[in-house]
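Given the sequences, and given the hints that come with them, work out the whole structure.
First to last, the sequence lines map onto chains F and U. Note that the first sequence covers residues 1 to 349 in the numbering used here. Note that the second sequence covers residues 350 to 586 in the numbering used here.
It should be emphasised that the hints constitute simulated quantities derived from the structure, not laboratory data. The model shown is predicted, which means the values in this text are computed figures rather than measured ones. For every residue, glycine included, the Cβ atom is placed at its ideal position computed from N, Cα and C. It is possible that some hints are incorrect.
[Said to hold, decoys possible] Straight line, CA to CA, 25 Å or less: simulated SDA-like cross-link-like pairs of lysine to any residue:
no.	chain 1	residue 1	chain 2	residue 2
1	U	Lys362	F	Asn121
2	U	Lys424	F	Glu15
3	U	Lys362	F	Asp106
4	F	Lys105	U	Ile376
5	F	Lys105	U	Thr437
6	U	Lys362	U	Ile376
[Stated by the list, open to error] Here are a few chain F residues that face chain U, going by a calculated C-beta distance under 10 Å:
no.	residue
7	Arg45
8	Ala72
9	Leu76
10	Pro80
11	Pro84
12	Met101
13	Lys105
14	Ile185
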Amino acid sequence: MLLVENLYKKFGSREILHGISFSVKDNHIVGLLGPNAAGKTTTMRIITGFLSPSKGRVTVNGIDTQSSSRKAKSLLGYLPENNPLYDLFTPIEYVSYIASMKSQKDRHSIDQIVNLCGLTNVAQDKIDTLSRGYKQRVGIAAALVGSPSVLILDEPTTGLDPNQREEIKKLIKRLKITTLFSSHILSEVKDICQEVIIINQGVIVADGRLSDLMRKGGSALRASLKITKNQKSAISMIRKELLKLKVKLPRAYARVIFSARFVGSGISPKRKNLRIHTRSYDRGFLRRRTKAPLFSTSGSIVKIKFSGVKDSGAIKDALWKLCQKNNLPLEELKETGDSLEDVFHKLTK
Amino acid sequence: MNIIRSIYNKEIKYYFYSLTNYVFVIIFAALSIYLYFQNFFIQGQADVAPWSQNLPFLLIFFIPALSMGTISEEKRLGTWEILLTLPTQEIQVVLAKFLAGFTFVLFLLFSTIGIPVTLAFLGKPDWGVVASSYLGGVALAGAYLSTGIFVSSLVRQQTISFVITFLFLLVNDIFSQDFFLLRAPVFLKGIFQFLSLRSHYENFAQGQINLDSVVFLFSWIIFFILLTIISLRSRDF
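The structure is reproduced here in structure tokens:
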């Protein structure tokens, strides 16, 4: 178990961490989120003993990282940001080097780690000839040396392509070790972590289970309407009507969940990467051009999403009335928690 | 001890894997031999004095180039973070790096072995002076190296590390030069001479192994190793 208690860190007169406390339970994977310069890397560097805290303490399985630094360090596996490696080594040499520093001489366990991280095929190649994905695996393999109780991974998927990211995600899940994992990619945190800590300007602004956090962040309202004819003019009409609504909407904008259907283009909508790309493009495109609620379409289905909704009843009523008045079949009207992205934006703004 | 050995082996691998370092050794050997034989036949003496006189100047150029990346490069690449988050201590890291650098320095000085070998063929050199000149060279190079490693621990750029070490060693060398001492205040002359590494090395070059000089050069090395450790421990301030 990793325990961080009342951690402060000052660089000169600048205070980076203002008394943060959290814990990572055994075998849990916890995501450490925050915008740039929030204090994530500083927190991780203090945990690993690279930096010392100005105040507060960190314990790994009850061992203080300051007073028993060597003992605590031997219980930790660390992958720093940007995954620095000695390029002249081969993966097996590098893992053996780290093993010798941790007084682990067992060749069998080194081979096991290399195998677990999928490095067997490239074990004898020089690290500087490996792809980024493999280099990342080498970094994780090095972090696994000495059977650490806690893994600290600082943005382990930065700079990787989606396939490589997926592989690293699978690897982290497969390890089943207590892990503190920082990332900028929220979907990734959602996939891997059971719990999330959000840090902003050196203060923890949220800490808990993902589902609880998303519920706390406020609700979202999603409506789906089936419009088979004159979809464009219908959307335009609904948009105008929604703008006329006299409902208090804190940051009242609707988010588009855009699922493009490439009719006749031969491109399958099931191609996930393409869909993500198209979605983000169109969201940006529409956001730049309107402040009004935005819509997404998927064939004959028109989706509307309101986030940060505090008076959902009023919006629901208005939508019902609007649909009845214009004879539009309302397929679905669902209230859910905000996405992690919404929560993140709210808490770190 | 295992940790020091592991880091030492890694450092040695890096020193001897780099083609640049071999070019570096060849240039050093070529310059040493050239400077030595330039006046060798005019002088007509079978001793290593012309070599030992030039050695401090050569080392002032070559040792900073050798030591400039010792720590700064690890800092720049980020591997430093890995090294210090392993169950290691700063003293182990610094000692291993110094010993590896020192091994390469021995290799560098060994590259001039052609000079005493030639002397042996051409005349009857005083082997005591030759041995003490080499011993002094090794001690001087060690002192320069420890200085270079300390400077390397302070900065992230190799070039800056090189320039600072070079200037520092050059100024220290000037302390023992006649043109400087003639202009220096009388009461400071002794201090300048005592602080100059070259003046201690010159005792070795003349075949005298003074305890004062041995202690001074050895203390210099320890002092800068300690400064490096302190500099690394204060990395987060």
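(request) Please name the hints from earlier in the document that this structure breaks, with their numbers sorted from lowest to highest. (result) 4 and 14
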